[in-house]
Amino acid sequence: MIGAHAGDVAELYALGALDEVQRRRVDAHLRTCAQCRTLVGAAERDVAFVASMEPRHDPPPQLEAKIDAALAARAPWPLPLAIAAAIVIGLMPAAYLWSVNRALHATVLAQTAAMQRLAAGPHRHADFQPMQPSPPAEVMYGSDGSWYLIVVHDARKALAVAWMHDGERTTLGYAAPNGSVAMLYLPKSHRMDRLALMDGDRIVAQATLSWGKSSPARPAVRSG
Amino acid sequence: MGFAAHERWAFGEAYRRNAALLYSAAYNVLGNADEANDCVADAFARLWRSPHPYSADRGNLRSFLVVCVRNEALSRRRRQTRRSRAEERLAGLTPPEAQTPQLADPIERDRVRRALFALSEDQRAAIELAYYEGKTHTEIAAELHEPLGTIKSRIKLGLRKLASVLESLRPQEAGPQ
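Going down the list, the sequences are from chains A and B. The first sequence begins at 1 in our numbering and counts up by one. The second sequence begins at 1 in our numbering and counts up by one.
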């Protein structure tokens with residue numbers, strides 16, 4: 001094999017006179033070079049012709065069944081498809097872990113932000129009043145309306161939190177259980193007067209938030 | 001084309017159409033029915049596992065299959081020879097010359113032998129060692145004490161001439177196409 005092409009070893013290849021390493025090298029080259037495939041094909045025609053002039057022997061009948069059995073094994077996937085499948089299979093767990101990680105990261109950030117708000121200064125508080133059987137819940141919120149933390153105790157499932165205003169209902173998010181407590185931290189820039197806990201379309205509890213000076217503010221939560 | 005598209009039915013059909021030629025190609029190298037049987041099946045299994053073993057610009061499918069089966073047979077024979085030599089060395093015996101299988105039907109075989117005598121002596125020696133004894137070109141160069149390039153050239157010209165002479169001796173019913 002001179003240079004990149006296989007033309008000068010076409011006859012050796014067809015006769016089986018190359019060693020295994022050289023043969024594999026030619027095989028690899030033939031996959032990409034139509035010119036050399038033609039040259040090797042011509043040499044193969046000569047070798048096959050010589051072989052066809054040799055004595056004939058009848059194959060045993062069981063050989064066909066043996067070949068059928070070999071062909072029953074799954075055919076290889078075409079290379080591009082195999083690469084695509086490998087990428088998809090490789091990426092799926094990574095994508096899943098990334099999405100789980102992102103959700104956990106967002107939860108941790110929200111809880112950290114809520115804890116910082118609670119520790120930073122006095123805040124207001126209101127309990128949710130049950131309208132239907134529902135777990136006890138409360139809302140803590142900043143005096144300037146810049147944040148809200150909704151906490152549902154003994155939570156069994158996620159409940160939506162909605163802002164009730166002007167006869168309308170705007171869903172703000174979901175308090176999803178983590179252990180026996182569900183929390184939702186809402187950084188907002190405006191004051192909300194009434195919040196509702198929703199189980200599907202049903203309002204199960206409502207909280208009325210007070211903004212007047214008469215409303216008692218709770219002191220900041222101190223650690224230690 | 002079904003075979004180039006790697007369709008299972010086409011592989012089965014390719015075997016059925018060429019069964020006797022392929023089996024004979026293996027048998028004439030190995031000289032043993034069981035070995036020839038395994039050899040043809042292994043050659044097809046290997047092709048089936050390869051993603052793109054054949055394309056139409058390679059030429060005749062039958063020729064391609066014959067060469068694949070012959071090469072599988074030659075590889076088996078080389079492995080057998082190596083194994084035998086190792087066993088003989090272990091047994092402390094002097095290794096005999098590599099054995100060429102005893103093949104039946106010398107009259108038919110004579111047709112190729114006769115054609116070989118139309119080649120020059122140098123070409124004939126190189127082709128016989130490659131075709132009948134299954135030696136690699138480096139082994140042939142060492143055995144004939146000639147450079148690799150010379151052996152390549154003798155095999156190239158010798159193979160073309162052998163096919164041409166056989167074509168002129170070809171009986172009406174035979175042929176690879």
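Keep in mind the hints are simulated off the structure, nothing from the lab. Note that this is a predicted model, so its numbers are computed, not measured. Just so you know, even glycine gets a beta-carbon here, dropped at the ideal spot from N, CA and C. A hint or two may mislead.
Stated by the list, open to error - Here are the simulated EDC-like pairs of lysine to aspartate or glutamate, each with C-alpha atoms no more than 16 angstroms apart in a straight line:
#, chain 1, residue 1, chain 2, residue 2
1, B, K152, A, D154
2, A, K188, A, D154
3, A, K66, B, D38
4, A, K66, B, D42
5, A, K66, B, E13
6, B, K152, B, E139
7, B, K161, B, E128
8, A, K157, A, D201
9, A, K66, B, D34
10, A, K66, B, D122
11, B, K161, B, E121
12, B, K152, B, E128
13, A, K157, A, D199
14, B, K152, B, D122
15, B, K152, A, D19
Unchecked claim - Beyond 12 angstroms from chain B on every Cβ pair, some chain A residues (computed):
#, residue
16, L15
17, A84
18, R124
19, S143
20, R156
21, P177
22, K188
23, M192
Unchecked claim - Covered by chain B, per the in silico footprint, the following chain A stretches (three or more residues, Cβ under 8 angstroms):
#, stretch
24, 16-28
25, 46-52
26, 56-63
27, 116-123
28, 144-154
Status of the hints after comparison with the structure:
| no. | hint | result |
| --- | --- | --- |
| 1 | B:K152 - A:D154 | violated (86 angstroms) |
| 2 | A:K188 - A:D154 | violated (26 angstroms) |
| 3 | A:K66 - B:D38 | holds (9 angstroms) |
| 4 | A:K66 - B:D42 | holds (9 angstroms) |
| 5 | A:K66 - B:E13 | holds (14 angstroms) |
| 6 | B:K152 - B:E139 | holds (12 angstroms) |
| 7 | B:K161 - B:E128 | holds (13 angstroms) |
| 8 | A:K157 - A:D201 | holds (14 angstroms) |
| 9 | A:K66 - B:D34 | holds (12 angstroms) |
| 10 | A:K66 - B:D122 | violated (42 angstroms) |
| 11 | B:K161 - B:E121 | holds (13 angstroms) |
| 12 | B:K152 - B:E128 | holds (13 angstroms) |
| 13 | A:K157 - A:D199 | holds (9 angstroms) |
| 14 | B:K152 - B:D122 | holds (12 angstroms) |
| 15 | B:K152 - A:D19 | holds (14 angstroms) |
| 16 | L15 | violated (5 angstroms) |
| 17 | A84 | holds (14 angstroms) |
| 18 | R124 | holds (69 angstroms) |
| 19 | S143 | holds (70 angstroms) |
| 20 | R156 | holds (54 angstroms) |
| 21 | P177 | holds (51 angstroms) |
| 22 | K188 | holds (59 angstroms) |
| 23 | M192 | holds (63 angstroms) |
| 24 | 16-28 | holds (count 6) |
| 25 | 46-52 | holds (count 7) |
| 26 | 56-63 | holds (count 7) |
| 27 | 116-123 | violated (count 0) |
| 28 | 144-154 | violated (count 0) |
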